[in-house]
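*Asks:* Following the hints, complete the assembly by docking chains S and G with the ligands onto the known chain X.
Order-wise, the sequence lines are chains X, S and G. According to UniProt numbering, the first sequence is numbered sequentially starting from 1. According to UniProt numbering, the second sequence is numbered sequentially starting from 1. According to UniProt numbering, the third sequence is numbered sequentially starting from 1.
Keep in mind the hints are simulated off the structure, nothing from the lab. Keep in mind that a hint or two might mislead.
The list makes no distinction among identical chains, and a pair is therefore deemed to hold if it is satisfied within one copy or across any two copies.
List of simulated lysine to any residue pairs, SDA-like, C-alpha gap at most 20 Å [said to hold, decoys possible]: (1) Lys398 to Gln30; (2) Lys430 to Pro535; (3) Lys292 to Asp434; (4) Lys526 to His380; (5) Lys294 to Pro641; (6) Lys75 to Ile247; (7) Lys578 to Asp521; (8) Lys526 to Pro511; (9) Lys265 to Arg221; (10) Lys294 to Ala570; (11) Lys578 to Glu598; (12) Lys350 to Ser620; (13) Lys92 to Arg127; (14) Lys350 to Met647; (15) Lys622 to Leu636; (16) Lys526 to Met379; (17) Lys104 to Val563; (18) Lys92 to Gly197; (19) Lys430 to His380.
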Amino acid sequence: MTEQHHPHLTLGVCDYPEHVPRDRWEIYAQQQKELGLTYVRIAEFAWALMEPTEGEYNWTWLDEAVEVLHREGLKVVLCTPTATPPAWLIRKHPEILAWDAQGKVRAFGSRRHYDFASEVYREHSRRITRAMAERYGQHPGVAGWQTDNEFGCHDTTRSYGPASQAAFPMWLQSRYESIDQLNEAWGNVFWSQTYSGFDQIGLPNLTVTEPNPSHVLDYCRFASDMIRTFQEEQVSILRECSPGRFITHNFMIFFSDFDHYEVSKCLDFVSWDAYPTGMLEFFASWESDEVKQKYARTGHPDLISFNHDLYRGLKAYQGGHPLPFWVMEQQCGQVNWAPYNPLPADGAVKLWTAQAWAHGADTVSYFRWRAATMAQEVMHSGLLRHDETPDRGFDEVKALSLSDFPAGDVPAQVALLHDYESLWIWDQQKHNQDLSYWRQVMLYYSTLRSLGVDVDVVHPSSDLSKYALIVAPALTLMTEETMEALRKATEHALLIFGPRTAYRTASGRTPETGQFGTLADLVGGKLRNFDSLRPGLREKVDQYDVTLWAEGYQCEDATPVHVYESGPLAGVCAVMRKGNVLTIGAHSPGLVYDLLREALAEARVSVLDVPEGIRVSRRSGKMLVQNFNAYGVDVLGTRMPAVSVEMLP
Amino acid sequence: MTEQHHPHLTLGVCDYPEHVPRDRWEIYAQQQKELGLTYVRIAEFAWALMEPTEGEYNWTWLDEAVEVLHREGLKVVLCTPTATPPAWLIRKHPEILAWDAQGKVRAFGSRRHYDFASEVYREHSRRITRAMAERYGQHPGVAGWQTDNEFGCHDTTRSYGPASQAAFPMWLQSRYESIDQLNEAWGNVFWSQTYSGFDQIGLPNLTVTEPNPSHVLDYCRFASDMIRTFQEEQVSILRECSPGRFITHNFMIFFSDFDHYEVSKCLDFVSWDAYPTGMLEFFASWESDEVKQKYARTGHPDLISFNHDLYRGLKAYQGGHPLPFWVMEQQCGQVNWAPYNPLPADGAVKLWTAQAWAHGADTVSYFRWRAATMAQEVMHSGLLRHDETPDRGFDEVKALSLSDFPAGDVPAQVALLHDYESLWIWDQQKHNQDLSYWRQVMLYYSTLRSLGVDVDVVHPSSDLSKYALIVAPALTLMTEETMEALRKATEHALLIFGPRTAYRTASGRTPETGQFGTLADLVGGKLRNFDSLRPGLREKVDQYDVTLWAEGYQCEDATPVHVYESGPLAGVCAVMRKGNVLTIGAHSPGLVYDLLREALAEARVSVLDVPEGIRVSRRSGKMLVQNFNAYGVDVLGTRMPAVSVEMLP
Amino acid sequence: MTEQHHPHLTLGVCDYPEHVPRDRWEIYAQQQKELGLTYVRIAEFAWALMEPTEGEYNWTWLDEAVEVLHREGLKVVLCTPTATPPAWLIRKHPEILAWDAQGKVRAFGSRRHYDFASEVYREHSRRITRAMAERYGQHPGVAGWQTDNEFGCHDTTRSYGPASQAAFPMWLQSRYESIDQLNEAWGNVFWSQTYSGFDQIGLPNLTVTEPNPSHVLDYCRFASDMIRTFQEEQVSILRECSPGRFITHNFMIFFSDFDHYEVSKCLDFVSWDAYPTGMLEFFASWESDEVKQKYARTGHPDLISFNHDLYRGLKAYQGGHPLPFWVMEQQCGQVNWAPYNPLPADGAVKLWTAQAWAHGADTVSYFRWRAATMAQEVMHSGLLRHDETPDRGFDEVKALSLSDFPAGDVPAQVALLHDYESLWIWDQQKHNQDLSYWRQVMLYYSTLRSLGVDVDVVHPSSDLSKYALIVAPALTLMTEETMEALRKATEHALLIFGPRTAYRTASGRTPETGQFGTLADLVGGKLRNFDSLRPGLREKVDQYDVTLWAEGYQCEDATPVHVYESGPLAGVCAVMRKGNVLTIGAHSPGLVYDLLREALAEARVSVLDVPEGIRVSRRSGKMLVQNFNAYGVDVLGTRMPAVSVEMLP
Ligand SMILES: [Zn+2]
Ligand SMILES: [Zn+2]
Ligand SMILES: [Zn+2]
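Same shape as in the complex, but just chain X (with noise of 0.2 Å):
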């Protein structure tokens, strides 16, 4: 459930009375009701403010604050605050504190400083949690729960202090049965890097070299479980205080340092927080700076709109289907932690918010009411200025019509599988280091857009069964259930594989009968060879260049697509088909487009040709045109100006 449901889009804006005088709050509620927004978010951080010192609680302004915004008729998110543990409480836990990779503790003075692995800290973490969901948990203005914020945001996933050195041994200790079988899953033969007890593994920081691969996989797996375990003692304890209240949490652009499918499992739905421009500049490393100036005030709509597929695929774990999600934070206005904070375009604050409800958003809450007057913040914009005047992306929301933005599904027909567990193998050692998962991810996922296509970014572990294309560009390490899943989906869909497909197993290893390992048989054929190939290196398959990344297949009983024309693995298969099984092991966008144009062809899902810069998106039986170029585009039959949604039936 997304909470009440409403008919329609409804917005919200994250909000923090404690950074401004007592006398703004009405003023500023009634100002949030008349804008149209249905939900504030507020206590976001607000820790010091509500325990002073240890155990004495001050609740009186957020009593007061949560009154203000009932009393107008706002509904209230509450977020717990271990975002940021209280000055007095490093003092007296200093153990708290996470280290970086570089072996140091990272100071009080910011944000996220702790290990999640800490049993101090989520002693403290139960505690505040329990003290704020007994006071409001049933209070009738509390529409629901944020779970602390941004989880892992600075790098704060993976800790290499004492507390996460403590428990790492007895995690992996429960996961193997014993020494000699972690040792064989790790391969620790190689480098005499045997172990003859649990309490010898440390963190996989500051050796000489590169770390044992499958050492570094277990770290990931080991931090992404003391991020789910942290969450669900606040859920458990949110859950039985604050009954009827929804639970989310606001994830992050891109950010894969722990598994958001098993993390958001005991979420009721899941969030993120969108600031388009912010992501190009600072994510989107392989966007060329051409790209990065065309989309410098709007972002880049693939980038934005794979986010929304992404997190509203995440409810589709184990099993299910994609389900609606919030924006918990919207930028609408310029952001002040990229490398450049240009002003965004006129009109992108309705662009995003559309296009956000367009790929499944029923909520989107802009960050944030008013631009803080102090601390890190201070360059960052809100709905207001400094001020108090409306900024620009004010007028833009006011000027929604919400009711054009129905509930409903996204009816998308093809997949798009997604597994982090091949992200963490596969960026760990690249072997070519222009290509990252993402990178090779988003090849895939723009074509498809490119050609006017919904789609659903999901876990091969979902429900598989609507689709009739199923897209998986880097499923690099395979699991068996994986497998079988993928088995039983080419019964009904056509499935297309990228390269790197099957090249781990489940412990990072590589299958002792080589790339596709016990997967061989579905496609067809083996691996001969994987070509990375420098800047200016390209080959050629038939007529389209090959850059990046070139893998040959020896064919079994597939069928050669396409063969290599150059290069050492001239004369060599570079994509096979076997049934409903399509392997691609060049990279090569040209070759990928119209592979995909023929396979959505053969799956019969329409294509749309759309110009550069224009996207469409459909739901609930509407379609929404997004023009994100600067200037006016004919499309469809219509005149768009620039940066502008168009709602076609």
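*Replies:* Below, chains S and G with the ligands without anything else, positioned relative to chain X:
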């Protein structure tokens, strides 16, 4: 006073008699005298020779060194040797050592390895200063003193170890009456950064993400204060034991880790160390490769003269006027510390010397006499080569006719306002990684210089009554005192503000009323939005290109002078004028050029169009034309050869 | 000796039987035999299997592994496993661990995690070496030994922890008679670096700015000595327990952190590990992107052959002659450790093998037999793929006709002088960040190779009597012994010096008489100035462009050969000649080409103009023509296909 009031420029040299055999001393002194030098600076860094073991002084060598120079009629400048605490002292008191921002103790083995806040070190600093001052303070050959050497060099202003950790909370306690006032000033309600006691406050390093800018700002002030009081302790001893001798310190190019206004208050005059080629390679990160290549052998004229003007202006702090200064270390060959260390062009040493005079230097002292044959500086040049032959610079010094450079005033009618606190807060949160405080200042300074205008670079607290035009390109931190000074200045002068003016309060917050806070009535408007432009992104203000930064204003009673033509700020005011105050929000060299040219005309400051690479500077009724080009130029009716100066009446 | 004196090239392979099931051992041995291999190197890194817990050895597996190979008629090369101390040893003695230059302990979890100076580790090193040597030293299947693996790999030569800290002062005390002599040698009077006792001397890391280069130079020597004596301890045990077997060590590409001349003295012959594609991507930072792209699939011919020539020359140290060597690890597919890891071209493995032979290799041993299915090297290729099918390199090895590659001499008439101490001091203070010691050396080496000339790379202490031309591109550190050798060499040979020759004394100072110190009479002149040219800055010597470095000379009794035409050195001598000595101060590929061509003619060494990408090498009366181009070329009357070799009589 810059010592005896010479009627014209005097010269000096930095020498290290202890680096050469005793039999060279008399020979060098004669050569120095013959070359026309007046001053010889010695004893810098020589602590280990003066005090080989604790408390046992060896003055023999220094007695002789002073005597040899005195006998030759040269004036001695002595240095306190505190930049280099000896090995025995560090072994006895390792707690003296500075710690870097990564939490590592900085080791003995080079120089500046001490924490200014260390009480133990201060005791030894006072002890060696007193010992030297008592022995040489009244020697007839000793003309003056240099304290320590290049405070802050090699990132040593701010230490992150126990000595600073102990002193910082006490400093904060004396600045703020209570912890509540500190919490309010820093905006610690943000992210639960509230402290319940001063003892909870750490140094602002190793935080998980960026620390609170107000926390950092006060740490900058604290560290600056530690330098100030460290030096004041030495000065107080020198004043007592060495009456009638001057005291100065040699500051560095563009160095800004401490408040030079505060630190220079106790000095008789200011000195600085001018290394034009290294400066260009090392510090001017914003200059293009083309510019770095063009000026590789001369340095950039404006980078050099800006520092002259800056240091001339230090003594104008709090009501004073600019004052002649020394160049204590003047490059006279190649340096050894830049990524590339080209030879200076023929004529460059003469050019630099004349330029220094024209911008107010009373003495130019070359670094160093003979190139070192040992240790870290083996690849740095001097007036003599390693083999004691005169190097290229020697010949240019020899050819100087000093009476051509009379003492007197620099007749600047234009003031450029500068303030280290504004720099600290600007550069902490640049919002556009390519636009630093210095880059912003240099845009205005270079434009003025390209118009042939002499400029005083001064603090807003200076006596501004003599200026017709006052330019404040980057006064982002605005105190009550500065506001008062600015209001008063507009009564007689035209005042020009750049972007981000008055965006931050004295504690680093943003005014609750937004930019410009209580200065809004003076400028006649308010900030609407600022825009940070990534590379490649350009907007227009009329015909002018805007890059890097664009700020739009809501005019209240100001008149819009220019308006944005494109981008999110289209239609918004870019430049506004109210009375004597012109505010320029756009980063646009063309626009700034035209506006400054008009403002100079209005202020009746005459301009002189000079070709590229040519600069003019006035002093004592003369005008020095400088050709920094590697080719000859016809200018003001004469043909100037490559890299040359011409004195005009 | 390189073991039994085969009449022609022999082959080997590196294998890790412990990485595969027992049932593969016989099969692999048969395949290895059939492939024509002679040697199999095993037991590298296998300490944890040999000694699972302290003092309890398990030899069963290794007994069998040796026996299986022996039965098949293959010769076994055993390795001491000291590159990988097991987990139990590190847990018991964490003081063994190396520390990095940032002061962090380097953790267990990969390899080479030890400090060579650790007495505790040396005891265990001797113990495991003796245990292995006693068990296998006289086994008839064991042909020889490799000590440890790739000394210094992953920046492990120099450790900055307690073990090295304890040993360094003692080493210094034995090098210098007194602390006064050390202070004098290091020039510690500079910056008060004077020590009053050896115990005050720290390791040269974490200093505030660059440490004293003399301090660092001695630290390099110390660390090199620690490797030397560490290995000598193993060698002494192996000599005692394994008579008649060879002992070697596998050095690395361009690796220069220790003095390979000193370290290889106790070995029977030298080996090195040749990875041509990784080498180009990873080490040759000065090569353009265009060059890296051109040779991406073959490696650069001169980078490869330089290392062959360098390692062939190691045994010529102190009076000897170059000696055949082994390539212990020869790339035979793609590597996994470069930023990009492309597949080698068809023909590359044959090309590399033939080239190794032509430059003096007696044995080429491929790395590795089968690609690893676990841990850090999962993405590195072998002769067999993961799935045990023969990989591309296998087929090229199989096609080799070994009798085509007879044993014998490399008939070089030209010597290129190299010295690690010069490299250490050059690269510490480059003065131009783009010009390293290796880059300077490679300019001369590549020029000679482009003229079809065979080159011995040797230490100045070698027997130089056989050479007609001796090139010393970068002998910047000049000892008395080297000067003597050079003087003697000029009696019969033409000698060419590059810039910076004799700029530093044995202790890293500059001669009091400047460059060239007491060598001035041999070269016939003195340094006037050196110039460091930033990118884009070019000067002229006659028609030649000069970049990076320009050194001007004052000719005494030398004759100026070329003079600078532009820049600060215009009119100054760039190239001078006195008798048999030619000194070239300018970095100018065109000038160096013409001067070397003339010098070769004068020395009656015949040259051969070869097209780009073509190289010729002579051995045993044959000439091997190598085509490194990705296209066919007509050369010396025959058509050579892409990536191929042609043997000419
Ligand atoms: Zn409604
Ligand atoms: Zn005079
Ligand atoms: Zn044979």
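*Asks:* Check lysine 430 against proline 535 for me: Cα-Cα at most 20 Å, and say if that holds within a copy, between copies, both or neither.
*Replies:* Answer is within; shortest intra-copy Cα gap is 15 Å, inter-copy 29 Å.
*Asks:* Cα distance capped at 20 Å. Does lysine 430 pair with histidine 380 within a copy, between copies, both, or neither?
*Replies:* between (35 Å within a copy, 12 Å between copies)
*Asks:* Taking 20 Å as the upper bound on the Cα-Cα distance, should lysine 398 and glutamine 30 be classified as within, between, both, or neither?
*Replies:* Classified as within: same-chain Cα gap 14 Å, cross-chain 80 Å, threshold 20 Å.
*Asks:* Please sort lysine 578 with aspartate 521 into within, between, both or neither, judging by C-alpha distance up to 20 Å.
*Replies:* within (9 Å within a copy, 76 Å between copies)
*Asks:* Could you figure out if lysine 350 and serine 620 sit no more than 20 Å apart (CA to CA) within one copy, between two copies, both or neither?
*Replies:* Result: close within a single copy only, 19 Å intra versus 64 Å inter.
*Asks:* Up to 20 Å between alpha-carbons, please classify lysine 526 paired with histidine 380: within, between, both or neither.
*Replies:* Answer is between; shortest inter-copy Cα gap is 18 Å, intra-copy 52 Å.
*Asks:* Which holds for lysine 92 with glycine 197 at a C-alpha limit of 20 Å: within a copy, between copies, both or neither?
*Replies:* For lysine 92 and glycine 197, the Cα distance is within 20 Å only across copies (13 Å; inside one copy 33 Å).
*Asks:* Quick one: lysine 578 to glutamate 598, C-alpha cut-off 20 Å, is that within a copy, between copies, both, or neither?
*Replies:* within (15 Å within a copy, 66 Å between copies)
*Asks:* Tell me, please, which holds for lysine 294 and proline 641 at an alpha-carbon limit of 20 Å: within, between, both or neither?
*Replies:* within (16 Å within a copy, 46 Å between copies)
*Asks:* Using 20 Å as the alpha carbon limit, work out where lysine 622 and leucine 636 are close: within a copy, between copies, both or neither.
*Replies:* Within one copy, since 14 Å is at most 20 Å while 73 Å is not.
*Asks:* First find the shortest C-alpha distance between lysine 75 and isoleucine 247 inside one copy, then the shortest across copies, and answer within, between, both or neither for a cut-off of 20 Å.
*Replies:* within (14 Å within a copy, 68 Å between copies)
*Asks:* From the Cα coordinates, with 20 Å as the cut-off, is the pair lysine 292 and aspartate 434 best called within, between, both, or neither?
*Replies:* Both ways: lysine 292 and aspartate 434 sit 17 Å apart in one copy and 16 Å across, limit 20 Å.
Violation of the numbered hints given earlier is confined to hint 17; every other hint is satisfied by the structure.
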